[in-house]
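**Q** Chain residues, written in single-letter form:
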Amino acid sequence: MAATDRNIPALMVRCLKFAIGATAMTLTVAPLKAAVLPEDRADILYHSYSGGGVTISGPAVLVRKKLKDKYSLSAKYYVDNVSSASIDVVTTASRYSEKRVETSVGLDTIQDKTSYSLNYISSSESDYNADSAHLDVSHDFFGDLTTVSLGFSQGWDTVGKNHDANWVDRKVDRRNYRMGLSQILTKNAIMNLSFESIIDEGSDNRALGNPYRSVRIFDTANNAYSFDSERYPTTRNSDAISAKFRYALESKNVVFSEYRQYTDSWGINGWHVQVGYIMPIEPEWLIETRFRHYAQTHADFYSDLLPDTNFNFYARDKELSTFTSNSIGATASYERKAPSNWFVSRGKVSFMWDYFMFDYDDFRDARKTSADVTPGSEPLYHFNANVYRLLFTAFY
Amino acid sequence: MHHHLPHRRNAALVWRLASLAGCLFLLTACEGISPWVKPYERQNLATPAMSWSRDGITDAYISHVYQARESARGAEGGSGGGCGCN
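Here the protein sequences come in this chain order: Z and X. For the first sequence, our numbering begins at 1 and goes up steadily by one. For the second sequence, our numbering begins at 397 and goes up steadily by one.
Simulated from the structure, these hints should not be mistaken for lab results. Since the model is a prediction, treat every value here as computed from it, not as a measurement. Treat each hint with caution, since some may be false.
Restricting the straight-line Cα-Cα distance to at most 25 Å, the calculated cross-link-like pairs of lysine to any residue (SDA-like) are [what the hints assert, rightly or not]:
1) Z:K99 x Z:S126
2) Z:K348 x Z:D308
3) Z:K252 x Z:Y277
4) Z:K252 x X:Y462
5) X:K434 x Z:L37
6) Z:K348 x Z:K113
7) Z:K66 x X:S430
8) Z:K368 x Z:D354
9) Z:K252 x Z:V36
10) Z:K113 x Z:T147
11) Z:K99 x X:Y462
12) Z:K161 x X:R465
13) Z:K348 x X:Y457
14) X:K434 x Z:F256
15) Z:K66 x Z:S345
16) Z:K66 x X:T443
17) Z:K348 x X:R465
18) Z:K348 x X:G452
19) Z:K187 x X:R465
Turn these sequences into a full structure, and let the hints guide you.
**A** Structure representation (structure tokens):
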């Protein structure tokens with residue numbers, strides 16, 4: 001039952017250095033074509049999530065501006081206002097409110113015909129801080145038909161716990177390594193392949209879990225259960241590979257699809273497929289519809305109900321269980337040119353709605369235990385969620 | 397039950413990174429190939445509907461919704477970012 005508990009392999013770091021070196025050498029000999037900086041824009045977003053006893057909503061603002069046609073600076077401010085009476089919360093505690101603020105700054109530049117993107121993100125709430133730095137490098141080949149990219153992220157998390165004077169903050173070190181390839185296939189078709197490896201290292205067995213969540217331990221004599229703290233491995237290594245595809249039809253409508261396969265050292269295998277259809281209705285409207293199916297298997301050390309705690313690791317996070325998530329969604333977007341004497345060149349309003357259905361195969365609704373319902377035979381948990389996004393964009 | 401022995405995982409990752417880097421080398425060998433979609437033939441690809449990401453701020457948000465509730469992460473095409481979604 002124990003998951004392998006190990007450190008970052010030095011061999012992998014050497015391989016990444018090799019891959020980066022190989023790319024650098026490749027870039028110096030290939031014919032070069034300049035890429036394009038992202039366009040200037042300001043976005044104001046209102047986002048809302050509601051489902052499973054949880055509501056999270058708030059604003060987000062993004063501003064992006066080019067400098068000297070060689071640099072693009074961006075800054076973003078994002079807020080989550082959380083009110084949670086989720087199934088995890090109500091089985092062991094009571095509804096809580098929380099506010100998370102995330103700020104980020106970014107610099108994009110094209111130097112010697114290679115694109116660089118540097119970003120720094122800082123997230124803060126009363127019991128969790130997460131800072132991360134990201135570098136992405138990309139280069140076009142074959143007259144812009146092919147784009148190859150490499151990226152690296154480093155994250156530092158501090159895991160706190162409210163209302164617990166005995167809690168000592170834990171630390172998490174996160175590293176992402178990613179590679180991507182975008183390819184123009186025909187006059188009407190494009191594809192993208194991505195690969196990303198992520199390594200999380202926690203300072204101890206409670207760093208990678210949630211300090212507030214508990215496992216259930218079955219007390220067979222009394223047909224009841226008790227709670228105890230979770231115990232996680234100190235590392236998590238994951239690999240994900242994805243393929244995306246877009247095709248422009250004769251009508252100028254677009255079909256798109258996406259597939260991703262995921263696996264990690266905790267024993268979880270996950271995959272998703274998404275398909276969608278976009279209808280531009282000239283000159284101002286764009287309608288999109290989409291469907292997504294996600295499925296995963298449970299972590300080696302996940303259990304809804306433990307017989308005892310004689311294991312190296314154990315957790316009851318439903319995010320680590322066996323479940324499916326199906327979602328449908330639609331977007332309606334209206335964009336028009338501004339009068340020529342305005343600073344703003346174009347304005348856009350977009351509304352997006354997504355509806356999620358989560359169904360768990362081995363996470364039970366612990367609120368439903370009673371004299372007639374023994375622990376371990378409660379109904380399996382499921383919930384639905386509505387997600388809304390309302391976006392105002394100005395291009396200048 | 398999955399037993400990922402460290403040396404087997406290292407070997408698998410070495411092969412993956414090496415073969416991806418090897419593909420990059422092969423790209424330089426293919427310099428004789430001229431672009432089969434000329435710049436003046438790309439009008440159908442330059443529309444907002446054919447963009448991988450029309451609005452980065454909303455794409456980042458929906459990725460955050462997935463990551464907070466699903467175990468899978470990575471290979472989304474973005475530049476990553478932590479959120480403390482434990």
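**Q** A separate judgement is required for each hint: does it hold in the structure or not?
**A** Quick rundown of the hints versus the structure:
{"no.": "1", "hint": "Z:K99 x Z:S126", "verdict": "holds, 8 Å"}
{"no.": "2", "hint": "Z:K348 x Z:D308", "verdict": "violated, 57 Å"}
{"no.": "3", "hint": "Z:K252 x Z:Y277", "verdict": "holds, 11 Å"}
{"no.": "4", "hint": "Z:K252 x X:Y462", "verdict": "violated, 30 Å"}
{"no.": "5", "hint": "X:K434 x Z:L37", "verdict": "holds, 21 Å"}
{"no.": "6", "hint": "Z:K348 x Z:K113", "verdict": "violated, 31 Å"}
{"no.": "7", "hint": "Z:K66 x X:S430", "verdict": "violated, 32 Å"}
{"no.": "8", "hint": "Z:K368 x Z:D354", "verdict": "violated, 29 Å"}
{"no.": "9", "hint": "Z:K252 x Z:V36", "verdict": "holds, 24 Å"}
{"no.": "10", "hint": "Z:K113 x Z:T147", "verdict": "holds, 12 Å"}
{"no.": "11", "hint": "Z:K99 x X:Y462", "verdict": "holds, 19 Å"}
{"no.": "12", "hint": "Z:K161 x X:R465", "verdict": "holds, 20 Å"}
{"no.": "13", "hint": "Z:K348 x X:Y457", "verdict": "holds, 18 Å"}
{"no.": "14", "hint": "X:K434 x Z:F256", "verdict": "holds, 23 Å"}
{"no.": "15", "hint": "Z:K66 x Z:S345", "verdict": "holds, 15 Å"}
{"no.": "16", "hint": "Z:K66 x X:T443", "verdict": "holds, 22 Å"}
{"no.": "17", "hint": "Z:K348 x X:R465", "verdict": "violated, 30 Å"}
{"no.": "18", "hint": "Z:K348 x X:G452", "verdict": "holds, 14 Å"}
{"no.": "19", "hint": "Z:K187 x X:R465", "verdict": "violated, 38 Å"}
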